[in-house]
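Chemist: Protein chains in written order, with this note's numbering: chain Y, 5 to 273; chain A, 84 to 341.
No lab work stands behind these hints: they were computed from the structure.
A virtual CB, placed ideally from N, CA and C, is assigned to each residue, including glycine.
So, partial list: chain Y residues that the calculated Cβ filter (under 10 Å) puts toward chain A: (1) I235; (2) H242; (3) N246; (4) N247; (5) K259; (6) I260; (7) E262; (8) H267; (9) I271; (10) V273.
Computed beta-carbon distance windows for the label pairs: (11) A:H105 / Y:N246: 29 to 37 Å; (12) Y:H69 / A:I112: 56 to 64 Å; (13) Y:K211 / A:K100: 23 to 31 Å; (14) A:N124 / Y:S249: 47 to 55 Å; (15) Y:R31 / A:T96: 32 to 40 Å; (16) A:P104 / Y:A201: 37 to 45 Å; (17) Y:N208 / A:F101: 25 to 33 Å; (18) A:K100 / Y:Y78: 49 to 57 Å; (19) A:N127 / Y:A187: 43 to 51 Å; (20) A:H105 / Y:N252: 20 to 28 Å; (21) A:T122 / Y:N246: 54 to 62 Å.
Below, a list of computed lysine-lysine pairs in the PhoX-like style, where the Cα atoms sit at most 20 Å apart: (22) A:K309 / A:K329; (23) Y:K45 / Y:K151; (24) Y:K250 / Y:K11; (25) A:K93 / Y:K250; (26) Y:K11 / Y:K259; (27) A:K321 / A:K309; (28) Y:K259 / A:K93; (29) Y:K211 / Y:K250; (30) Y:K34 / Y:K45; (31) A:K98 / Y:K259; (32) Y:K11 / Y:K196; (33) A:K305 / A:K341; (34) A:K100 / Y:K259; (35) A:K305 / A:K329; (36) A:K98 / Y:K250; (37) Y:K216 / A:K98; (38) A:K329 / A:K317; (39) Y:K183 / Y:K216.
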Amino acid sequence: MKSNIFKISKNVFLDIVNAEDYIQIDRVSKMYHSFKDSVNKPLKMLLLYGKPGTGKSMFLTKLYHDLLSSRIVYLYQTPIIDDSEFFKTLAKDILDVKYEGDLNFTQFMKILDNRSLDYVPIVLLDEAQLYSNFLIEKIRLLSDTRKIKFVITLHKTEKEDLIAKEHFQTRIWDSIELKNASASELKVYIQKKLMKANCFDSANMFKDSSVKLIHYLTNGNYRDTNKLLYILFDIYSHYHENNPSKINTISISNKIIEMAAIHTGLIDV
Amino acid sequence: MFDINELERKWLTYKIKFYLPHAVITVSIIVIFIILLTTINYQNSKNTFQDINRTAVAKDENNSKAKTETITAKIVDSNAQNNLSENKPKKIETKIVITPSLRFMDKINKSTLPEPIRIIEAEAPAVEIIKEEERVIAKEEVITLEEPKSTINIKRQNIQNDIEQVIKRFKKSNDPSLSLFIAKSYYNSGDYNLAYNYALITNEIDNNQEASWIIFAKSLVKLDQKDKAVETLKEYIKHSHSANAKTLMDEIVSGEMK
Chain Y
5 MKSNIFKISK NVFLDIVNAE DYIQIDRVSK MYHSFKDSVN KPLKMLLLYG
55 KPGTGKSMFL TKLYHDLLSS RIVYLYQTPI IDDSEFFKTL AKDILDVKYE
105 GDLNFTQFMK ILDNRSLDYV PIVLLDEAQL YSNFLIEKIR LLSDTRKIKF
155 VITLHKTEKE DLIAKEHFQT RIWDSIELKN ASASELKVYI QKKLMKANCF
205 DSANMFKDSS VKLIHYLTNG NYRDTNKLLY ILFDIYSHYH ENNPSKINTI
255 SISNKIIEMA AIHTGLIDV
Chain A
84 MFDINELERK WLTYKIKFYL PHAVITVSII VIFIILLTTI NYQNSKNTFQ
134 DINRTAVAKD ENNSKAKTET ITAKIVDSNA QNNLSENKPK KIETKIVITP
184 SLRFMDKINK STLPEPIRII EAEAPAVEII KEEERVIAKE EVITLEEPKS
234 TINIKRQNIQ NDIEQVIKRF KKSNDPSLSL FIAKSYYNSG DYNLAYNYAL
284 ITNEIDNNQE ASWIIFAKSL VKLDQKDKAV ETLKEYIKHS HSANAKTLMD
334 EIVSGEMK
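Bound-form chain Y, shown alone (with noise of 0.2 Å):
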């Protein structure tokens, strides 16, 4: 094994939202498909919900890439909280309007009648949760008029759920969950992330037990997983450095996971 293969497994991990280094798994990648599908649909707006760290922005991210070829398509990844700029963001790039001064809900809208679109734009708000229930139902009735399609994703909480019922239950024609991995699944995901990066012989090191044991600390969790991996080939890579003795590069050593684990806070000491 070469001597930085640990420091690369270590990038590979690193949390990046990058659609190119989207890994996806059967299951998601059958819902990945179908919601595709769902944004070709005349439907007013599409939810995409989940626990933190359950790949929402990653999903948004690589369907914004896929979509941009085919459709006219705005990726907002960072929430305009402020009404105002929220209005003129979308004047700017949807309309080519550049707005001095305030823009409210009103200006938009006669804005937008008095342009006349012969497309449906789709905007993608990731982090929804943020936005102001006043915001939101602002988004709602502007999703109504069909004009511009909305696809947005929510952390699921609890208030985030009485957020999604209460704005949206009755107007969003299609929404997906996204969940935590199982092991298989982050096995998969694992090996599928490190060969993408050409780390096939630290791939080859992950057998199911040390998966087991990751997917046990993280429980499934895809940016625990990538913080745990990275702290992981950043141990691997010391002991490679200064005691090479203490490693074997046949399998994920379980006292390796769990001093990451202790490092990042998954373990509690």
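Given chain Y, work out where chain A should sit, using these hints.
Modeler: Showing chain A alone in chain Y's frame:
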């Protein structure tokens, strides 16, 4: 970045914390299991002990019951015998149960029988004891006397000397047991006249000696005086109700005894 030594130390602490409850639970289960096992064993042994005690007590109770029954039976018997004895003439009186004397065996062992007379001398006390016994013991007397009889037979060539020695002693002591012994010896050696005489002498000294009546009757039979023998036994049976005498009388009457 991380401090690998600190991380290893934390990992060790974590493992100890992780396995500690498991170890405690495992040890607790083992201890509980051992305690249970010990308790069960103790209970079993206690139960077994109690069972044994119960059995022993039951046996004791049975034994005591049996003993009580035996004692009751004996009391009943003794009462019955007392009743009988009240009806009988005062011939059979004290009833002392004693064991047969085995002193002659000691003498046999000690002196390898230098002289046959010593055996006879050893025999005498047994006869004396028998004299005091009740009728039941009188049966034992027969048995006791039969055993040394074989010893006496071995020394048969000296039997005359032996009898003479006993006669001498009898003349000195006038002991009916000695005269009875002489009568039996003469009867066994075929001297029925002498046997008759000594049986009669014994009977005159002590008419409670059943054996003297038996030898007397047997000698009469051998001397062709069956009728007299039967009459004598009848007379004896009248007041003694002796089973042996009855049996002998039946044998004489039926002709078995010749």
